[in-house]
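Asker: One-letter residues, chain by chain:
There are 2 protein chains.
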Amino acid sequence: MTIKAGIVGYGNLGQAVEYLINALDDFELFGIFSRRATLDTDAAVYPVADAHKYKDDIDVLFLCIGSATDIPEQATSFAEHFTTVDTYDNHSKVAEHYAAMDKVARANDNVSVVCTGWDPGLFSMNRVLGLSLFPEPVQNTFWGKGLSQGHSDAVRQVSGVQRGVQYTIPAQSAIDKARAGDGQGLSKTTSHERIVYIVADDAEQDRIREEIVTMPDYFEPYDTTVHFVSDEEFERDHKGAPHGGYVITTGELQGHTAKVEFSLALESNPNFTAAAMVAFGRAAARLKEQRNVGAYTVLEVPLYLLSQQSLEDMMQTGLV
Amino acid sequence: MTIKAGIVGYGNLGQAVEYLINALDDFELFGIFSRRATLDTDAAVYPVADAHKYKDDIDVLFLCIGSATDIPEQATSFAEHFTTVDTYDNHSKVAEHYAAMDKVARANDNVSVVCTGWDPGLFSMNRVLGLSLFPEPVQNTFWGKGLSQGHSDAVRQVSGVQRGVQYTIPAQSAIDKARAGDGQGLSKTTSHERIVYIVADDAEQDRIREEIVTMPDYFEPYDTTVHFVSDEEFERDHKGAPHGGYVITTGELQGHTAKVEFSLALESNPNFTAAAMVAFGRAAARLKEQRNVGAYTVLEVPLYLLSQQSLEDMMQTGLV
Numbered sequence: 001m002t003i004k005a006g007i008v009g010y011g012n013l014g015q016a017v018e019y020l021i022n023a024l025d026d027f028e029l030f031g032i033f034s035r036r037a038t039l040d041t042d043a044a045v046y047p048v049a050d051a052h053k054y055k056d057d058i059d060v061l062f063l064c065i066g067s068a069t070d071i072p073e074q075a076t077s078f079a080e081h082f083t084t085v086d087t088y089d090n091h092s093k094v095a096e097h098y099a100a101m102d103k104v105a106r107a108n109d110n111v112s113v114v115c116t117g118w119d120p121g122l123f124s125m126n127r128v129l130g131l132s133l134f135p136e137p138v139q140n141t142f143w144g145k146g147l148s149q150g151h152s153d154a155v156r157q158v159s160g161v162q163r164g165v166q167y168t169i170p171a172q173s174a175i176d177k178a179r180a181g182d183g184q185g186l187s188k189t190t191s192h193e194r195i196v197y198i199v200a201d202d203a204e205q206d207r208i209r210e211e212i213v214t215m216p217d218y219f220e221p222y223d224t225t226v227h228f229v230s231d232e233e234f235e236r237d238h239k240g241a242p243h244g245g246y247v248i249t250t251g252e253l254q255g256h257t258a259k260v261e262f263s264l265a266l267e268s269n270p271n272f273t274a275a276a277m278v279a280f281g282r283a284a285a286r287l288k289e290q291r292n293v294g295a296y297t298v299l300e301v302p303l304y305l306l307s308q309q310s311l312e313d314m315m316q317t318g319l320v
Numbered sequence: 001m002t003i004k005a006g007i008v009g010y011g012n013l014g015q016a017v018e019y020l021i022n023a024l025d026d027f028e029l030f031g032i033f034s035r036r037a038t039l040d041t042d043a044a045v046y047p048v049a050d051a052h053k054y055k056d057d058i059d060v061l062f063l064c065i066g067s068a069t070d071i072p073e074q075a076t077s078f079a080e081h082f083t084t085v086d087t088y089d090n091h092s093k094v095a096e097h098y099a100a101m102d103k104v105a106r107a108n109d110n111v112s113v114v115c116t117g118w119d120p121g122l123f124s125m126n127r128v129l130g131l132s133l134f135p136e137p138v139q140n141t142f143w144g145k146g147l148s149q150g151h152s153d154a155v156r157q158v159s160g161v162q163r164g165v166q167y168t169i170p171a172q173s174a175i176d177k178a179r180a181g182d183g184q185g186l187s188k189t190t191s192h193e194r195i196v197y198i199v200a201d202d203a204e205q206d207r208i209r210e211e212i213v214t215m216p217d218y219f220e221p222y223d224t225t226v227h228f229v230s231d232e233e234f235e236r237d238h239k240g241a242p243h244g245g246y247v248i249t250t251g252e253l254q255g256h257t258a259k260v261e262f263s264l265a266l267e268s269n270p271n272f273t274a275a276a277m278v279a280f281g282r283a284a285a286r287l288k289e290q291r292n293v294g295a296y297t298v299l300e301v302p303l304y305l306l307s308q309q310s311l312e313d314m315m316q317t318g319l320v
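Quick mapping for you: the protein sequence lines, in order, are chains L and X.
Residues in the first sequence are numbered consecutively from 1, following our numbering.
Residues in the second sequence are numbered consecutively from 1, following our numbering.
Heads up, a few of these hints could be off.
What the hints assert, rightly or not - Below 20 Å or equal to it, Euclidean Cα-Cα: the simulated DMTMM-like pairs (lysine to aspartate or glutamate) are:
1) L:LYS93 - X:ASP217
2) X:LYS188 - X:ASP217
3) L:LYS177 - L:GLU252
4) X:LYS145 - L:GLU252
5) X:LYS239 - X:ASP217
6) L:LYS145 - X:ASP109
7) X:LYS145 - L:ASP25
8) X:LYS177 - X:ASP223
9) L:LYS93 - X:ASP313
10) L:LYS145 - X:GLU28
11) L:LYS177 - L:ASP201
12) L:LYS188 - L:ASP176
13) L:LYS103 - X:GLU312
14) X:LYS145 - X:GLU80
15) L:LYS103 - L:GLU300
16) X:LYS103 - L:GLU312
17) X:LYS145 - X:GLU267
18) X:LYS177 - L:GLU267
19) L:LYS239 - X:GLU252
20) L:LYS103 - L:GLU136
21) X:LYS188 - X:ASP176
22) L:LYS93 - L:GLU267
23) L:LYS177 - L:GLU235
24) L:LYS177 - X:GLU267
25) X:LYS103 - X:GLU136
26) X:LYS93 - L:GLU312
27) X:LYS239 - L:GLU80
28) X:LYS93 - L:ASP313
29) X:LYS55 - X:GLU96
30) L:LYS4 - L:GLU28
31) X:LYS55 - X:ASP89
32) L:LYS55 - L:GLU136
What the hints assert, rightly or not - So these bits of chain L aren't anywhere near chain X, every CB distance computed over 10 Å:
33) VAL104
34) SER268
35) ARG282
What the hints assert, rightly or not - Selected chain X positions facing chain L (in silico; Cβ < 7 Å):
36) MET1
37) PRO120
38) TRP143
39) LEU147
40) ASP231
In short, the hints are calculated from the structure, not lab data.
Cβ atoms here follow ideal geometry from the backbone N, Cα and C, with glycine treated the same way.
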């Protein structure tokens, strides 16, 4: 089965999905849906408003649109016509998004795999797996070293900031504690530090630093360090989007400790998010082919559906 | 739902499953089935030959019997009467075992989750997940530091060996290569060493060492070190059953490297194998309750079924 894919949105995520669809044997790209008339791509480009006209040409539609407003406003309208996959990442509204997508997908015989990517996504899977193994699990998630988009945006809104990025870095001492089974009391705040790189005029720097480190919620409770760098240094060292993190679970079993650890080190956050999204897009198309309907979290998708290989092949080749 | 559990076999694995069933809120132990008339346990003990009489009292039967002969000979007879979970670990015969269990379980409206534990089991899941993320993944599995039961048995069969254990240790240089994305050419042989601890009379030691390091398949292709220790030292340092390992996958995404790593560090191999088995036992009971039938590999079991929490709770509490 070749899976015919459509992409909505052509930012970093949409472009990374396009790359993967073209690189993978079992997918073919039907086209990209955008509000813009022209895009810098060899793929066919269609107005997003016309997407429904192509519902019979597409097995799975990748919703590469923003979590802040686009997904809540637009995702259900795509689920009406298509089997979809998204990377909605607002943890506090997952249940709401799932319910909305489930209702529309079910009514239209489609599948919607929601909240893919790595957190939510692969980290959610490993949190649930780790917690399921022990009577009294101790679990910690650490993020970084990685570029935090939301915090970088916040930094850039401080007056006088010409360019700015924020990296979240887990404290090694906190990771060590979690690995040793002593992660119980660790808070997100005390186990991460925030490092900010900014381009700004000399005269503004003291005020900018003060405004950042005292910014409520975003920075105030954290150990925050602000570095001022030249435009050249910023251009050279701070244009990437690395990220990653750790889900560490420990438990006692008759007095014997066990440690279960899942970690990611990613040179490009959007590229890896796309990689997870595409694997779950493959699963979405297969779930639909198996005549399932409705919304699925990553926790409901059996792992064999992520793979290009058949289950039989995986058993025969020793993967199982 | 409280899950009523039965256990067949009362070796290390069966005892560890008993401990977990008693420690977890959502299970209760019906009893243990054994060929022995009395066991050192507070649980009810029944003759294994009578197990079928209790089929209506048990939601899931844990088959804590050996992979070498017991599982191939006996597992289908249990699948005739019970929803089962096993830790069959012969990678080359997984497909055969799956087919045999599927046929019997299906004919009798039962579920059989096969080949749980950590390898096969959690490692299988992470191999498939990692390979599904990249167009050209590079993946390595490393085992250890851990006690290898099969190799320890082989060592103990050498004439003159009074006590003996064998540990498998992954080479740090090989792990580093895999993490750096250079794991392509690593063989299992060159990326692991074997360390043997033996109690034997002085006069026998040279011959024993020679017989071990030249033992075909088991030791001959590996970097093997044999240490002779006193009975006291052996008793103090080599009575445990630690194990663990790593599944490391890397891939390139538009020129950006991503590393996905899953690792285990276990003070007690049988206790952790039991922990994975019990989580999949929970899933087996739920699959049956949802009116599914037949055999399942760990790759076919959606992760939310492993957890005591409901899917709704997991979404509400931010696990997803």
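Asker: Decide, hint by hint, whether the structure agrees.
Answerer: Verification of the hints:
1. L:LYS93 - X:ASP217: violated, 55 Å
2. X:LYS188 - X:ASP217: Roughly 12 Å between the alpha carbons, so the hint for X:LYS188 and X:ASP217 holds.
3. L:LYS177 - L:GLU252: holds, 15 Å
4. X:LYS145 - L:GLU252: The given pair, whose Cα atoms are some 19 Å apart, holds under the 20 Å limit.
5. X:LYS239 - X:ASP217: With Cα atoms ~25 Å apart, X:LYS239 and X:ASP217 exceed 20 Å; violated.
6. L:LYS145 - X:ASP109: violated, 50 Å
7. X:LYS145 - L:ASP25: violated, 38 Å
8. X:LYS177 - X:ASP223: At roughly 18 Å apart (the allowed maximum being 20 Å), X:ASP223 and X:LYS177 satisfy the hint.
9. L:LYS93 - X:ASP313: holds, 13 Å
10. L:LYS145 - X:GLU28: Given that 20 Å is the threshold and the Cα spacing comes to 44 Å, the pair is violated.
11. L:LYS177 - L:ASP201: Distance ~41 Å between L:LYS177 and L:ASP201 Cα, so the pair is violated.
12. L:LYS188 - L:ASP176: holds, 15 Å
13. L:LYS103 - X:GLU312: holds, 15 Å
14. X:LYS145 - X:GLU80: violated, 39 Å
15. L:LYS103 - L:GLU300: holds, 17 Å
16. X:LYS103 - L:GLU312: holds, 15 Å
17. X:LYS145 - X:GLU267: This hinted pair holds, its Cα atoms lying about 10 Å apart.
18. X:LYS177 - L:GLU267: With a Cα-Cα distance of about 17 Å, the restraint between X:LYS177 and L:GLU267 holds, given a limit of 20 Å.
19. L:LYS239 - X:GLU252: holds, 18 Å
20. L:LYS103 - L:GLU136: violated, 36 Å
21. X:LYS188 - X:ASP176: holds, 15 Å
22. L:LYS93 - L:GLU267: Outside the cut-off at roughly 28 Å; violated.
23. L:LYS177 - L:GLU235: violated, 36 Å
24. L:LYS177 - X:GLU267: holds, 17 Å
25. X:LYS103 - X:GLU136: Not OK: X:LYS103 and X:GLU136 at ~36 Å, beyond 20 Å, violated.
26. X:LYS93 - L:GLU312: Distance of about 12 Å is within 20 Å: holds.
27. X:LYS239 - L:GLU80: violated, 61 Å
28. X:LYS93 - L:ASP313: holds, 13 Å
29. X:LYS55 - X:GLU96: violated, 25 Å
30. L:LYS4 - L:GLU28: holds, 5 Å
31. X:LYS55 - X:ASP89: violated, 26 Å
32. L:LYS55 - L:GLU136: violated, 48 Å
33. VAL104: Fine: 18 Å to the nearest Cβ keeps L:VAL104 off the interface.
34. SER268: violated, 4 Å
35. ARG282: At roughly 8 Å from the nearest Cβ of chain X, L:ARG282 sits no farther out than 10 Å, so the non-interface label is violated.
36. MET1: X:MET1 check fails; min Cβ-Cβ to chain L is 16 Å, beyond 7 Å.
37. PRO120: Interface hint status for X:PRO120: holds (5 Å vs cutoff 7 Å).
38. TRP143: It is violated, given that the least Cβ distance between X:TRP143 and chain L is near 14 Å, above 7 Å.
39. LEU147: Given a least distance of 13 Å, the restraint on X:LEU147 is violated.
40. ASP231: violated, 24 Å
Violated hints for the displayed structure, listed by number in ascending order: 1, 5, 6, 7, 10, 11, 14, 20, 22, 23, 25, 27, 29, 31, 32, 34, 35, 36, 38, 39 and 40.
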